[in-house]
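A.B. asks: So the sequences go chain by chain: A and B. To convert, note that position 269 of the first sequence is 269 in our numbering; the numbers rise steadily by one, no gaps. To convert, note that position 314 of the second sequence is 314 in our numbering; the numbers rise steadily by one, no gaps.
Calculated from the structure, these hints are not laboratory results. Warning: the hint list may mix true and false statements.
Since the list gives no way to pick one copy over another, a pair counts as held whenever it fits inside one copy or between any two copies.
Restricting the straight-line Cα-Cα distance to at most 30 Å, the calculated cross-link-like pairs of lysine-lysine (BS3-like) are [said to hold, decoys possible]: (1) 53 x 170; (2) 241 x 224; (3) 224 x 15; (4) 284 x 15; (5) 42 x 283; (6) 241 x 284; (7) 227 x 283; (8) 42 x 241; (9) 283 x 194; (10) 224 x 284; (11) 284 x 194; (12) 283 x 224; (13) 42 x 224.
Protein chains: 2
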Amino acid sequence: MTIANQMLELATAAKNASRQVANLSSAVKNELLLSMAAALEKSEVLLQQENEKDLSCARNNGMADAMVDRLTLTSERITGMADGLREVAALPDPVGEVTGMWLRPNGIQVGRQRIPLGVIGIIYESRPNVTADAAGLCLKSGNAVILRGGSEAIHSNRAIGEILQQELGKAGLPQAALQVVTTSDRSAVTELLKLEDQIDLIIPRGGEGLIRFVSENSRIPVIKHYKGVCHTYVDAAADLKMAEDICLNAKVQRPGVCNAMETLLIHADIAATFLPQIASAMKKAGVELRGCENACAIVGGLIPATEDDWAAEYLELILAVRIVESYEQAREHIETYGSLHTEVIVTNDYLLSQRFLREINSSVVMVNASSRFSDGNQLGLGAEIGISTTKLHSFGPMGLEDLTTRKFVVLGAGQVRG
Amino acid sequence: MTIANQMLELATAAKNASRQVANLSSAVKNELLLSMAAALEKSEVLLQQENEKDLSCARNNGMADAMVDRLTLTSERITGMADGLREVAALPDPVGEVTGMWLRPNGIQVGRQRIPLGVIGIIYESRPNVTADAAGLCLKSGNAVILRGGSEAIHSNRAIGEILQQELGKAGLPQAALQVVTTSDRSAVTELLKLEDQIDLIIPRGGEGLIRFVSENSRIPVIKHYKGVCHTYVDAAADLKMAEDICLNAKVQRPGVCNAMETLLIHADIAATFLPQIASAMKKAGVELRGCENACAIVGGLIPATEDDWAAEYLELILAVRIVESYEQAREHIETYGSLHTEVIVTNDYLLSQRFLREINSSVVMVNASSRFSDGNQLGLGAEIGISTTKLHSFGPMGLEDLTTRKFVVLGAGQVRG
């Protein structure tokens, strides 16, 4: 069978299974996730055996240590996957919720009800725990899921998939509701991306190269985020101690993630005080500062920032710093160089905080809080399936609700249109 | 300048203008739409002169009379465009609405606020009134809009666009917030569809060929609907007089539109009574019936339906009729042949009505009402920008709210992540 036919068969089976999954009660879905969690923990030996095949292959190919580490299924990480499934089981089920129900003049009642999307394809790299995490979120929201991990994790992903599938089988549910694509043929992804009649949504998770490839080759809607160039603007009316705490946390607490601060904008009126203060704190934390001309004039030893620095997603202990003459200039900077991810203002000026919240249309806008809160768990969505920096369907961190859509329900008593 | 550069310049101007439009107050937007409405009515002579250029060209090219009619800007239609803008002005503004605001354990408050999408591209055919209708909806929802109509309406669309742009200018707003692409070069569409950094959403309106072309060539998210194969299922527990009224209305009141009924499913238990009744009523209304084998056995003179009939969107006075043994068989039929548009059950069985509403995941599901209600106006959305039968972002008829997205707003008091 060709890869194209294999993928069509797999996706058709997923679509058929999705109809059954869409109508499962919350209780059945929750029990399923709990049994999957237990099964993962029980299969630790098997999982680590299969994982070892990926690891030895990775070592033979000279994979970098950091990457090998991400690939490794330690006992703790297996427990982490299981706990992740238990957390999703504990979340409220979005399916079935009716948002609004109104009466039309002719007496028909109209409401909108949440339903699953159908079949979701996840295309990801490296970390095998994504297999269990994404499967749990998709199933809880009533969707069938097709998982395509990287070839470097193929044995681990296959093993996780089989363990989860067995639990579907034991519960009398179609195993095609959760399928792992295990062929190493790279054309599998390209073929999947053509199946717009079977698959409703594609979520790529990984580096910018993967995301661009998926986005450019998909006929199916894609939810994506390329990068996070998050700004913190410290206003003239900021509490400078609060500003220091927020900036340090946003840059240093976990620099390698998309919601870490990459550029600090400081109002000129407080730059002479705040810049030396934050520069000293950042230096102590091991952060390299790259400043605009005015910043370099205030604090000695800064590296002059270039145009590239304003657009950079460093993902490490480097921070671009620019002094701005006004809120308007800060806004313009964010609109020019931002990635629509997360922007923060630190200020005690009420009217200005309102303007910032209203005028900056990134996916998350914050007043007086660290950009590190910009993830689904921290914002209260429960678990997170990903983040969208494109505006269609979802914008920002995505939870269970973002894996659903709404249909119209109409209750009549024989009405016809005049 | 190449077409690619022209389109990039136009889309960049739209993106810049969109920032200003996004922050206009409802009052300013409403005044703008009202002044646009008045300007269209004042320009009737000019509009009809320009329209005449399109019409004479169409006649010279041998365009069918029905198409020429759709292209014609009568005095009544110009008033209709103006009234459409006034209706949109009267609708509530979705921008700024905060849906939910919750407190996290650490004291940050998190909410989701509606914002415009940014820049919307509308690609359409034939009827020039779409230019004003779509522009009104996009501007009211705070978006900039790029309009690309068919070459057959190029003079009419340009004239409408210029009149509307003048009102933007008079109000001190950027004219680039509303732009009509008037080059006859067909590559303009292909170039626009590449501009994912400038344009946030594409809505194609027209025949299936246009929609497929846009969908397959766009890097920008596309909201689309290919066809409407709407079903009415008359259950064994239906009130047969109500069923007759609903079926007749759904098929006959306006057969050429996507929410008209195309297939009638009848429960076997009432087929011997209801099929002759509805067949007689449909015959009187000039409808040709194509029946399954069992239907043909009950009523003489039916045309036997083929497999193609079950998937057909006739858009004329033809109706496919199938007798089903059970609700389950009706459901299976709808899942196999449906287009996810609108499905109706006629029944007085409460539990079955609930199952139908829950289990059928088309964009609109109805109990005891005509499928003809499946449009934005009838469902209470106000004006309609289109309908989506794909599930991402919006599913079903789309109003102003569907031209917005939601950002997260976070209110803190200095919180950092631990």
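A.B. asks: Which earlier hints can't be squared with this structure?
C.D. replies: 2, 4, 5, 8, 9, 10, 11, 12 and 13
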